Amino acid sequence: MKHLVRALGGAAFLSVAVSGAASLMAACPAFAETTLTIATVNNGDMIRMQGLTSDFTAKNPDIAVKWVTLEENVLRQRVTTDIATKGGQFDVLTIGTYEVPIWAKQNWLIPLDNLGANYDVSDLLPKIRDAVSVGGKLYAAPFYGESSMMMYRTDLFQKAGLTMPERPTWDFVIDAAKKLTDKSAEVYGICLRGKAGWGENMAFLTAMANSFGARWFDEKWQPQFNSPEWKKTLTTYVDLMKEAGPPGASSNGFNENLALFNAGKCAMWIDATVAASFVTNPRDSRVADKVGFALAPNTGLGKNANWLWAWNLAIPSGSKKVEAAEKFIAWATGKDYTALVAAREGWANVPPGTRTSLYQNPDYLKAAPFAKLTLASIDSADPNHPTVKPVPYVGVQYAAIPEFQGLGTTVGQDFSAALSGAMTVDAALAAAQSSTEREMKRAGYPK
Amino acid sequence: MARQASPARVLTTTIAAWVVGFLIFFPILWMVLTSFKTELEAFSTPPSFLFFHWTTENYATVQGRSDYVHHAINSIVIAGGSTLIAMLIAIPAAWSMAFAPSPRTRDILLWMLSTKMMPPVGVLVPIYLIYRNFGLLDSRVGLVAVLCLGNLPIVVWMLFTYFKEIPKDILEAARMDGATIGKELVYVLTPMAVPGIASTLLLNFILAWNEAFWTLNLSTSQAAPLTVFIASYSSPEGLFWAKLSAASTLAIAPILVLGWFSQRQLVRGLTFGAVK
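For the record, the sequence lines run as chains A and B.
Everything in the first sequence is counted per our numbering, starting at 1 for the first residue and increasing by one.
Everything in the second sequence is counted per our numbering, starting at 448 for the first residue and increasing by one.
Simulated from the structure, these hints should not be mistaken for lab results.
It should be emphasised that the depicted structure is a prediction, and the values quoted were computed from it without experimental measurement.
Certain hints may be false.
If you want the footprint, here are the derived chain B segments under chain A, 3+ residues with CB under 8 Å [claimed, not checked]:
no., stretch
1, 573-579
2, 661-670
3, 673-682
Cross-link-like lysine to aspartate or glutamate pairs, in silico, EDC-like; alpha carbons within 16 Å at most [unchecked claim]:
no., chain 1, residue 1, chain 2, residue 2
4, A, K66, B, D514
5, A, K265, B, E488
6, A, K441, A, D218
Computed, partial: chain B to chain A, Cβ under 8 Å [claimed, not checked]:
no., residue
7, T492
8, R512
9, L686
Where is the CB? At the ideal position from N, CA and C, for every residue including glycine.
So here's chain B without its partners, still in its complex pose (with noise of 0.2 Å):
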C-alpha cells in the first residue's frame, strides 16, 4: 500500500518544485522583461525587475530592420524538414538495430555517436568546400541536408532506446500473423513507440531550431534562419541587451508555443518505460 504524503510534505514539495521551475524559467522571463527595456535601463545596475519604462520600441526597431517572417519561414522549413527526414531514415535503422542486431551492432551505435564527439569547427572546411562545389551554399536543402545528419545519430539513438522497451514477443506474434517487415513497423511497432517517437520528434526538432554553428557558416541570407537573425544583434561596441533580447524572444516565441501544445506528449516520451 502506497504511503501517504503528510499536507506539510505535500505543500514543501509543491513549493520546492515551483522555486526549481520557476529558476528555470528565469532566464526566459528576464530576456523578456528586458526586450521591454531602454538600452539604458537593459545595463542599469541594481536592474530593476518590473518597475521600468516599459517600451515596445526594440520591436519595432528589429522589425523595420530584419525580414523576421523570412527568417522564420526559413527555421521551419530546415527544422522541420531535416527533423521529418532523420525521423524516416532512423525508425528503420533503429528498428534493425533492436530487434535485428548484428554482431556489430553495438560497435556501430558507439561509433554513431563518436561522430558528436567531433567539435563540428573541425569539418567545416572540408564541407564547405563540398557544398560550394555542389552549389548548397545558403540553400535551404543544403541546410536540411547538414542538420538531419547532424542529429541522425541522437535520434537513432532515442528511437533505439524507446524501441529496446517493446518486448520482441509481440512483434513475434505479428510475423507469426504473416506480417511483413514493414507491416510489423507500420501497424504494429510505430503505434506502440509513439510517445517516444514523438519526443523524439519533438526534441530533434528543438535542437535543430536552436543549431547556431552550421547554419551560421553555410547560410548568407537566403537560406538564413532565425539563429542568424539573432547573431546579427550582438555587437561589442554599443549597447544592444535590449535589442537583442527582443530578436530573441521574437526567436523563440514559435517553439515556446509548439513546446507549450505538446508538453504532455514530450514528458510521456521522456518518461517512456521509466517505470516498469
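Pulled out of the complex, with its shape left as it was, chain A reads as follows (with noise of 0.2 Å):
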C-alpha cells in the first residue's frame, strides 16, 4: 500500500511538472519569432485557408500560425470571454458583421489602417464593405460574404409548368410551393429555417419580415410585433409550412434543409448563398445538375426576404502581435489568396462575395453559375437602410445591438412554437412583443 501512495503522488507530481515543462515550452517557440493564434469557424472555406497556410508562413519565416478550430456558436462564446476580458489569447478573430459594428464600438477592435500598398480596399464590395467599416475605418477584412436566395428544382417547374422568375413575388412562391407538393412522394413544395436560434430561423424570418414591411423595432426603439406586418410575415410562413413544408420543419436548421433538398425532398429552398456551392456538388447532391437559383421572394415593397453575412478577420485589442496578424490578414483577405485558391483548388472554391473583381473574372463566372445571383443578392441587401420604414439600427437580418443575440433567441423560440403548433400565431406574437418590451426596458432602449 506503501507503494500504492507513492506511485500516486509521483505520477500527480510527474503530471503536473509534465503540463508546467510543456506550458513553458509552450511559451517559447523556437522555430519563429512571432506565433500567431488564430480563432475561426468550421466551414469549407475556412478549413481550406488552414490547408494552404503553408503559403503564407513560406512567405513570412519569421511567423508561426496556430489554428483554433470551433462550431460558430462555442467560438462566438470563447472569443467574446478572451476580448472582453483582454486575456490575450487569440491575435486573429474570426467574427461576423454582427459583432464587427458592436466590438469595433467598445474599443476591442484594431482598425485595420496596415494592411499593406497592394491591399486594395476599394475593391472590397461596397455593402460588405460598409458592413464591417465604423466611422469609415475597417475594423476587419471580409473572409468570405454571404446572402440568401432561392434555390429551385428546374425538373420539378418543368414537370409543373412553371417558371421561377429571377425575382419572384412571395404570391407565386406560395403558389408554386402547393402545386409542386406531393407528400405522398415525399416532395415538399418548400423548406425553410425553423429550428429556434437568432441565426437559424430568426435569420431568415427577420430577412421575411423585412420583405412584408415589418421591422423590430421603431426610431424610438418600441418593439413592433404587434404590428400588422409581423402577423402577416408569421401567418403566410407557418400556412405556408403547414401546407407544403416538410414534417417536423420546427427543427430543422441550415444543415437539415441541405440534406432535406441534396436527397430530392424539396421543391424550393431559401437560405444562404454559400448553400448554392453544396447543392451543385455531385458528390453531396443527388439533384446536382437540376437545381436553379433566382432572388429572395418580396412582396412589391422594395425589399426582399434576403440577408447579409460575412465571415471576417479582426484583430482583438488585447493582442501584442498586431505588426504579424495585419501581415496575415492582408494575406488571407487579399486578392492573391484568391489566386492561390483558384491555383490549387479551382476557381469554384474560392471565397465568394467580398471583391467586385472576382465577379468581373470570366474563369469564376464559367465555374461557379450561381455567382451572379449571389452578388445580386448581396447587391439587394442594405444593412443601413434593412426595413422599408426607418429603424434605428443597423443590420438586415439582425439589430446590432449587443441584446439582440439573446432577444433573437427569446422570438425565435415563439416563433418556433408557432410552427410546431405549440403556439398559435397570435400568442407567439404577443409573448415576442411582451419579452422584447421588457428585456429594451430593461437595457433602456426606448426613448
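Make the complex out of the two chains shown on their own, each in a separate frame, by following the hints.
Listed below in C-alpha cells is the structure:
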C-alpha cells in the first residue's frame, strides 16, 4: 500500500511537472519569432485556408500560425470571453458582421489601417465593406460574404409547367409550393428554417419580415411585433410550412434543409448563398444538375427576403502581435489568396462575396453558375436601410445591438413554437412583443 | 434456500438484459457506423444500417486536419493529473469525515456538494481573469487545477460513502495496536476500500476526460484536449456528421479501452456495500 500511495503521489507530481514544462515550452516557440493564434469557424473555406497556411509561412518565415477551429456558437462565446477580459489568447479572430460594429464601438478591435499598399480596399464589395466599417474605418477584413437566395428544382418546375422568375414574389412562391408538394412521394414544395435561434429561424424570418414591410423596432426602439406586418409575415410562414413544408420543420436549420434538398425532397429552398456550391456538388447532392437560382422573394415593397452576412478576420485589442496579424489578414483576404485558391483548388472553391474583381473574372463566372445571383443578392441587401420603414439599428437579419442575441433566440423560440403548433401565431407574437419590450426597457433603450 | 429460477425466466431476463444493453450501446455503435459513411449517407433518410459504401476517408480527413496525438496526450495528462491530485486530497478528507466527524461535518459535505449545483458559466469570468493574471490560460497546469477542484466534491462524497461502510472497530483495533493515523489510513483503510477507491478513480477520470466546458473555455491550442478536437468538427453550415463521428470515435477510443479492461473493478466498486 505504501507503494500505491507513492505511485499516486509520484504520478500526480509528474503530471504537473510535465504539463508545466509543456506550458513553458509553448511560451517559447523555437522555430519562429512570432506565433499567431487564429480563432476560426469550421466551414469549407476556413478549412481550405488552414490547408494553405504553408504559403503564408513560406512568405513570412518569422511567423508561425496556430489554428483554433470551433463551431460558430462555441467560438462566439469563447472569443467574447477572451476579448471582454483582454485575455490575449488570440491574435486574429473570425467574427461575423453582427459583432464588428458592436466590438469596434467597445474599442475591442484594432482598426485595420496597415494592410499594405497592395491591399485594394476599394475592390471590396461596397455593402460588405460598409458592414465591417465603423466611422469610415475598416475594423475587420471580409474573408467571405454571403446573402440568401432561392434555390429550386428545375426538373420539378418543368414537370409542373412553372417558370421561376428571377425576382419571384411571395404570392408566386406560395402558389408554386402548393402545386409542387407531393407528400406521398415525400417531395415538399418549400423547405425553410424552423429551428429556434437568432442565427437560425430568426435570420430567415427577420429577412422575410423586411420584405413584408415589418421591422423589429420603430425609431424610438419600441418593439413592433404587434404590427399587422409581423402578423402577416408569421401567418404566411406558418400556413405555407404547414401546407407545403416537410414534417418536423420546427427542428430544421441550415444543415437539415441542406440534407433534405440534396436528397431531392425540397422543390424550393431559401437559404444562404453558400449553399449553392453544396447543392450543385455531385459528390454531396443527388440533384446537383437540376438546381436553378433566383433572388429571394419580395412583396413589391422594395425589399427582398434576403440577408447579408460575412465572416471576417479582425485583430483583438489584447493582441501583442498586431504587425504579424495584419500581415496574415492581408494575405488571407487579399487578391493573391484568391489566385492561390484558384490555382490549387479551382475557381469554384474561391471564397465568394467579398471582392468586386472576383465577379468580373470570366473563369470564376464560368466555374460558379450561381455567382451573378450571389452578387445580385448581396447588392440588394442594405444593412444601413434594411426595412421599408425607418429603423434605429443597422443590420438586415439582426439589429446590431448587444442584446439582440438573447432577444433573437427568445423570439425565435416563440416563432418555432408557432410553427410546431404549440402556440398560435397571435400568442407567439404577443409573447415576442412582451419579452422584447421587457428586455429593451431593462436595457434602457426606449426613448 | 434460494428460489430456483425457471429456464423460461432465465431466458426472458437474459434477453431483456441484452436488449437494454444494446439500447444503451446503440448511440456509440451508430456513431462508429456513421464515421465510416460518406457525408451524404450520414444524412440520408431512411438511414442505412450496415449496407452502405464503407469508407475510411473521414478518418483520413480528421488525421490530416488535426493533431490527434497532441490532443490525446493533453487529455491523458489533464484527466490523469486532476484525478490523481483529487484522490490525494480526497482520501484523507473522506477519512476524517467518515471516522472523525465534527458536529459540522454533514454541513460541510452538503456545502461541498452545493458548489456542484452552480452552473460553471457563473464563475467563468472570475476564473478566466485569475487564470489570465497568473498566466494559466491554455496551460495543462491550469486545466489540471480547475478539473481537480471541480470534481473534488464528488470524489470526497463517493469515498466518504465507501468509507462509511467500513466498520470503525477495525480501525480502532489498529489504533489499539499502536498504528498512527497515517499508518491506519495507508495500511488498514485504503486496502479495505480498494474497490471503492478504484471505481472513484475511474469515474473521476471519465468525468475529467469528458469535461468540455472548462477545457473549451480555458484552452486554445497548446493545452487543448480531445473535447476541443471534437468541437472543431461541428458546423452550422455544411455537412459534418461523418467527420464529427470519426473525430468522436477517435476521442472516446482510449477511455473505452480503459473502461473495458477495468469493468470488473468498476462494477465491484459501484456495488460495494450494496448487499450486506
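Hint check:
Using a Cβ-Cβ cut-off of 8 Å, 3 residues of the stretch 573-579 of chain B lie near chain A, which meets the minimum of three, so the contact claim holds. Here's how the stretch 661-670 of chain B fares: 6 of its residues keep a CB closer than 8 Å to some CB of chain A, so the rule of at least three is met and the hint holds. Restraint check on the stretch 673-682 of chain B versus chain A: 6 residues with Cβ-Cβ distances below 8 Å, three needed, restraint holds. For the hint pairing A/K66 with B/D514, the CA-to-CA distance comes to about 12 Å; that is within 16 Å, so the pair holds.
Proximity of A/K265 to B/E488 is assessed by CA-CA distance (about 15 Å); at most 16 Å being required, the pair is judged to hold. Distance hint between A/K441 and A/D218 is fulfilled; the C-alpha atoms sit about 14 Å from each other, no more than 16 Å. Interface restraint check for B/T492: the shortest CB-CB distance to chain A comes to about 7 Å, inside 8 Å, so the restraint holds. The interface hint given for B/R512 is met, as the beta carbon of that residue sits about 7 Å from the closest beta carbon of chain A, less than 8 Å.
Interface hint at B/L686: satisfied, since its Cβ lies 6 Å from the closest Cβ of chain A, which is below the 8 Å cut-off.
When held up to the earlier numbered hints, the structure conflicts with none and fits them all.
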